[in-house]
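Chemist: Residue numbers (this note's numbering), protein chains in the order written: chain R, 4 to 279; chain S, 71 to 405.
No lab work stands behind these hints, which were simulated from the structure alone. One or more of the hints may lead you astray.
With a Cα cut of at most 20 Å, we get these calculated SDA-like pairs of lysine to any residue [what the hints assert, rightly or not]:
#, chain 1, residue 1, chain 2, residue 2
1, S, K171, R, E187
2, S, K200, R, M195
3, S, K171, R, M195
4, R, K171, S, M160
5, S, K200, R, D172
6, S, K273, S, D235
7, S, K177, R, R186
8, R, K106, S, M160
9, S, K183, S, T194
10, S, K308, S, L289
11, S, K171, R, F216
12, R, K109, R, M120
13, S, K144, R, T183
14, R, K167, S, F151
15, R, K171, S, H159
16, S, K200, R, F28
17, S, K183, S, A173
18, R, K246, R, Y62
19, S, K171, R, R186
20, S, K200, R, P170
21, R, K106, S, T194
22, S, K171, S, S161
23, S, K200, R, K246
24, S, K200, R, I169
25, R, K171, S, D124
26, S, K144, S, L131
27, S, K171, R, T183
28, S, K171, R, K106
29, R, K119, R, P156
30, S, K333, S, Q320
31, S, K144, R, K106
32, S, K171, R, L188
33, S, K144, R, V197
34, S, K200, R, P198
35, R, K167, S, G305
36, R, K167, S, K144
37, S, K144, R, V189
38, R, K171, S, T114
39, S, K171, R, L192
40, R, K171, S, K308
What follows is each chain in one-letter form.
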Amino acid sequence: MARMVTTQRKVISTVAAWLVGFLIFFPILWMVLASFKTELEAFAIPPSFLFFHWTTENYVTVQERSDYFHHALNSIIIAGGSTLIAMLIAIPAAWSMAFSPTKRTKDILLWMLSTKMMPPVGVMVPIYLIYRNFGLLDTRTGLVLILCLGNLPIVVWMLFTYFKEIPKDILEAARMDGATIGRELVYVLTPMAVPGLASTMLLNLILAWNEAFWTLNLSTLEAAPLTVFIASYSSPEGLFWAKLSAASTLAIAPILVLGWFSQRQLVRGLTFGAVK
Amino acid sequence: MGQITLQGVQKSFGPVHIIKGADLDIADGSFVVFVGPSGCGKTTLLRLIAGLEDVTGGAILIDGRNVVDVPPAKRGLSMVFQSYALYPHMSVRGNIAFGLKMAGIAKDEINRKVEAAAATLNLTPYLDRKPRELSGGQRQRVAIGRAIVREPKAFLFDEPLSNLDAALRVQMRLEVTRLQKQLATTAIYVTHDQVEAMTMADKIVVLNAGKIEQYGSPLELYEKPANLFVAGFIGSPKMNFVTGEPAKQQGAATVGVRPEHLKVERNGQGGWPGTVSVAEHLGSDTFLYVDAGPLGMLTARYVGELGLSPGDKVSLIPDPARIHRFDDSGKSIHA
Ligand SMILES: Nc1ncnc2c1ncn2[C@@H]1O[C@H](COP(=O)(O)OP(=O)(O)OP(=O)(O)O)[C@@H](O)[C@H]1O
Ligand SMILES: [Mg+2]
Chain R
4 MARMVTTQRK VISTVAAWLV GFLIFFPILW MVLASFKTEL EAFAIPPSFL FFHWTTENYV
64 TVQERSDYFH HALNSIIIAG GSTLIAMLIA IPAAWSMAFS PTKRTKDILL WMLSTKMMPP
124 VGVMVPIYLI YRNFGLLDTR TGLVLILCLG NLPIVVWMLF TYFKEIPKDI LEAARMDGAT
184 IGRELVYVLT PMAVPGLAST MLLNLILAWN EAFWTLNLST LEAAPLTVFI ASYSSPEGLF
244 WAKLSAASTL AIAPILVLGW FSQRQLVRGL TFGAVK
Chain S
71 MGQITLQGVQ KSFGPVHIIK GADLDIADGS FVVFVGPSGC GKTTLLRLIA GLEDVTGGAI
131 LIDGRNVVDV PPAKRGLSMV FQSYALYPHM SVRGNIAFGL KMAGIAKDEI NRKVEAAAAT
191 LNLTPYLDRK PRELSGGQRQ RVAIGRAIVR EPKAFLFDEP LSNLDAALRV QMRLEVTRLQ
251 KQLATTAIYV THDQVEAMTM ADKIVVLNAG KIEQYGSPLE LYEKPANLFV AGFIGSPKMN
311 FVTGEPAKQQ GAATVGVRPE HLKVERNGQG GWPGTVSVAE HLGSDTFLYV DAGPLGMLTA
371 RYVGELGLSP GDKVSLIPDP ARIHRFDDSG KSIHA
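When you get a sec, could you build the whole thing from the sequences and use the hints?
Modeler: Take a look at the structure:
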C-alpha cells in the first residue's frame, strides 16, 4: 500500500516537474520557432506551432544587417575578461577572509554585498560622465571594468562560502603530514576548491553575458556585445518579431550550450550549503 | 626516539591567558594522557606541541632540540584529529600514503608500507574507497593508519574516540593501546573521559584552567592525589569531601574518602550516620547517596547487593588507611 502511494507520488511529482520545466522553457522554444517563420507567420493569429513554412532567411538578414560575429566576440571578451579578472581578485580576497578572518571580515562582506542592493540607475549619470571623461565609452576595456566591479561582490561572497566549508582540520592534517604550503595548496586545497571555483566562474560568466543595463548604456557599436545586438531589433522603426527572435536565439545560443553542459556544476553551485 | 619536554610553555589568545606555564617530561615510548574539564586547555597544549599554534613563551624540546620555531611539517609528529580530517578527495590508500609521498619515499616502498598499515588495522578491503564510503569506526582507523605509517617520533591524539559509540570506543581503546605498545612510539592522548585516561595511560597529566595540577601514573593519582582538584576529578563516583569537625580530628581542613572506602552498616554505630536518599542497584555494585546531615551528601559504593532503600538509616565508616587529608589551600597533607 505504502509502496503504491510512493509510486503514485513519484509519477505526480515527475509530471509536475516536467510541466513546470516546459512552462519555463516555453518562451525560449517559441522564440526559436518564431525565428524560423516569416515575419507574417510570426504575427499570425491563431499561431501555427510546427506547420508553417520553415525558413532561415531571418538569420541571413540578421547577419547582413548587423554583424553577429562582431558582437558575439565582444560578448565573449567582455564576459570572459570580466570573469577572469574578478576571479583573480576574488580568490585571494575570499581566501584571506575565510582562513584568517579579522573582527571586520563579516562587516566588509556585508558592505560589499550591500552595494548590489543599490539600483544601478542611481549611479548612471556619474559613471557615464566618468567614462566619457576617461574615454571609456564604447570600449571593451570599459565594459570589462564595469562588469568586473559589478560582479565582484557576488564572486567574493560565493568563494568565501566555498572556502569556509573546507574544514581547517584537513589543512592542518596536511601540515602534520609534512606538506609545505605549496604542496598543501596543490594536493589538498585546490582539489577540494575546484568544484566551488568552477561553479562560481560559470555563474559569473552567465551573469556577465546577460548583463544588459551597463552594456546598453555604455556602448553603441564598437564594443557592443550581444545584448545591444538584440536591442537593436526592437527599434522605433517597428518590431520585427521573426528577426528579433533570430537575433535573440543567436545571442543566447552560446550561453545555453555552456549551461547545458555544465548544469550539474551550476546546480551544485547554486544550492551550495543548502543541503549537506 | 620521541622524548618530549615542555619548559614553562605559555599561550595566550590576545589578552586571554590559556596555558599558564606548563612543565612536563615525557619519556620516549610512554603513553601520556591529558585529562581535565572542558575548556581547560588540553587541545591547546596538544596543538602547541604539534606546532599548529605558536607558543607565547617557554620551550618545547623534542629529543633535546627546541622546536618552537619549527613548522609542524618538520617536527616529525603525527596527529589524529577528533574529526578524523581525512582528505575527502583521496582514497583510503591515498590518505594513508599522503605523508609518505610528501616525504619523497619511493613508490613501491610506499605501497608496501601502506598495505602493511592497512593490514594491521583491518582496512585492506577498503583501500580503494573514498572516506565518505566508510563507517565512523573505519574512518577512525584510516586516520590512525595515516598517523602510524609515517613512523613518527610521537603520536598526538585529540579525543579520537569521542565520535564513536560506546562499544566501539572500548574496542578501539584496546586497539590503540595495543598498537602503541607494539610500535613503542611515544603517544600523547587528549580526553575528558577519565576511564580512557585511567585505562590507557602510563602517565596522566591532570589539567585545570591552563595549569598542570598533577603528573603521575594512574594509580599514583588515585592513591595520592596532590590536591582537592585531582582528588575530585580522578575516580568515579567522585570522592566525598568532608569539612568541619571530622576533618579537624584528622588535623586537616578537609578530608576526602572515596565511595569505595566507606563501609556501610545498617543502623550501625560510630562513623558518620545518615539516611539513604537514593540507592542505585547495578547488581554488581550498589551506589548509595546518603544524607549525612551536617556533613552533607555522601556517596558510598557497596560491592554486591545490600537491600537498602530510601529512608533507611545507615552508618558510614571510613577506612582509616584511606582517608585523604587536605590543608586550607587544598593541597594534600602527607603524614
Ligand atoms: N583560537 C582561539 N582563540 C581564542 N581562544 C581560544 C582559541 N582556541 C581555544 N581558545 C580558548 O582556550 C581555552 C581552552 O581551549 P581548549 O580547546 O584547549 O580546551 P579543551 O581542554 O580542549 O576543551 P574540550 O575538552 O572542550 O575540548 C578555551 O577557553 C577556549 O575558549
Ligand atoms: Mg579539546
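Chemist: Are the hints correct? Go through all of them and say.
Modeler: Here is what the structure says about each hint:
1. Distance restraint check for K171/S and E187/R: the Cα-Cα separation of roughly 12 Å lies within the 20 Å cut-off, and the hinted pair is therefore satisfied.
2. With a C-alpha separation of about 14 Å, the suggested pairing of K200/S with M195/R holds against the 20 Å cut-off.
3. A hinted pair counts as satisfied when its Cα atoms are at most 20 Å apart, and K171/S with M195/R qualifies at roughly 19 Å.
4. Of the supplied pair hints, the one linking K171/R and M160/S holds, its CA atoms being roughly 17 Å apart against a limit of 20 Å.
5. As the CA atoms of K200/S and D172/R are separated by approximately 18 Å, the hinted pair is consistent with the 20 Å bound.
6. Pair hint K273/S plus D235/S does not hold up; C-alpha atoms about 25 Å apart against a cutoff of 20 Å.
7. Taking the CA atoms of K177/S and R186/R, the gap is near 18 Å; set against the 20 Å cutoff, the hint holds.
8. Only pairs whose Cα atoms come within 20 Å are accepted, and K106/R paired with M160/S is rejected, the gap being roughly 35 Å.
9. With a CA separation close to 12 Å, the supplied pair K183/S and T194/S stays within the 20 Å bound.
10. Simply put, K308/S and L289/S have alpha-carbon atoms about 16 Å apart, close enough for the 20 Å limit, and the pair holds.
11. Proximity of K171/S to F216/R is assessed by CA-CA distance (about 52 Å); at most 20 Å being required, the pair is judged violated.
12. Taking the CA atoms of K109/R and M120/R, the gap is near 17 Å; set against the 20 Å cutoff, the hint holds.
13. A C-alpha spacing of about 9 Å is found between K144/S and T183/R, which places the hinted pair at or below 20 Å, so the restraint holds.
14. Under the criterion of a C-alpha separation no larger than 20 Å, the hint pairing K167/R with F151/S is consistent with the structure, at around 19 Å.
15. Using a Cα cut-off of 20 Å, the hinted pair K171/R and H159/S holds, with the two alpha carbons roughly 15 Å apart.
16. Between K200/S and F28/R, the direct Cα distance comes to roughly 38 Å. Violation of the 20 Å bound is thereby established for this hinted pair.
17. With a CA separation close to 13 Å, the supplied pair K183/S and A173/S stays within the 20 Å bound.
18. A distance of roughly 7 Å separates the Cα atoms of K246/R and Y62/R; the hinted pair therefore holds under the 20 Å criterion.
19. With a CA separation close to 11 Å, the supplied pair K171/S and R186/R stays within the 20 Å bound.
20. For the hint pairing K200/S with P170/R, the CA-to-CA distance comes to about 17 Å; that is within 20 Å, so the pair holds.
21. Restraint check for K106/R and T194/S: the C-alpha separation of about 47 Å exceeds 20 Å, so the hint is violated.
22. Proposed proximity of K171/S and S161/S is supported: the alpha carbons are some 14 Å apart, at most 20 Å.
23. For the proposed pair K200/S and K246/R, the alpha carbon gap of about 53 Å is over 20 Å, so the pair is violated.
24. About 17 Å separates the Cα atoms of K200/S and I169/R, which keeps this hinted pair within 20 Å; it holds.
25. Of the pairs offered as hints, the one joining K171/R and D124/S holds, with about 16 Å between alpha carbons and a cut-off of 20 Å not exceeded.
26. Straight-line distance between C-alpha atoms of K144/S and L131/S comes to about 13 Å, which keeps the hinted pair within the 20 Å bound.
27. Taking the CA atoms of K171/S and T183/R, the gap is about 12 Å. The hint holds against a cut of 20 Å.
28. Among the hinted pairs, K171/S with K106/R is inconsistent with the structure: their alpha-carbon atoms are about 38 Å apart, more than 20 Å.
29. The straight-line distance between the Cα atoms of K119/R and P156/R is roughly 7 Å, inside the 20 Å bound, and the hint therefore holds.
30. For the proposed pair K333/S and Q320/S, the alpha carbon gap of about 18 Å is at most 20 Å, so the pair holds.
31. Proximity of K144/S to K106/R is assessed by CA-CA distance (about 31 Å); at most 20 Å being required, the pair is judged violated.
32. Restraint check: the Cα-Cα separation between K171/S and L188/R comes to about 15 Å, which is no more than 20 Å; the hinted pair holds.
33. In summary, the hint linking K144/S to V197/R is not supported, as the alpha carbons are separated by about 28 Å, beyond the 20 Å threshold.
34. Of the supplied pair hints, the one linking K200/S and P198/R holds, its CA atoms being roughly 17 Å apart against a limit of 20 Å.
35. For the hint pairing K167/R with G305/S, the CA-to-CA distance comes to about 41 Å; that exceeds 20 Å, so the pair is violated.
36. Using a Cα cut-off of 20 Å, the hinted pair K167/R and K144/S is violated, with the two alpha carbons roughly 27 Å apart.
37. Of the pairs offered as hints, the one joining K144/S and V189/R holds, with about 19 Å between alpha carbons and a cut-off of 20 Å not exceeded.
38. At most 20 Å may separate the alpha-carbon atoms for a hinted pair to count; K171/R and T114/S meet this at roughly 15 Å.
39. Distance check on the hinted pair: K171/S and L192/R sit about 16 Å apart at the alpha-carbon level, within 20 Å; holds.
40. With a C-alpha separation of about 37 Å, the suggested pairing of K171/R with K308/S is violated against the 20 Å cut-off.
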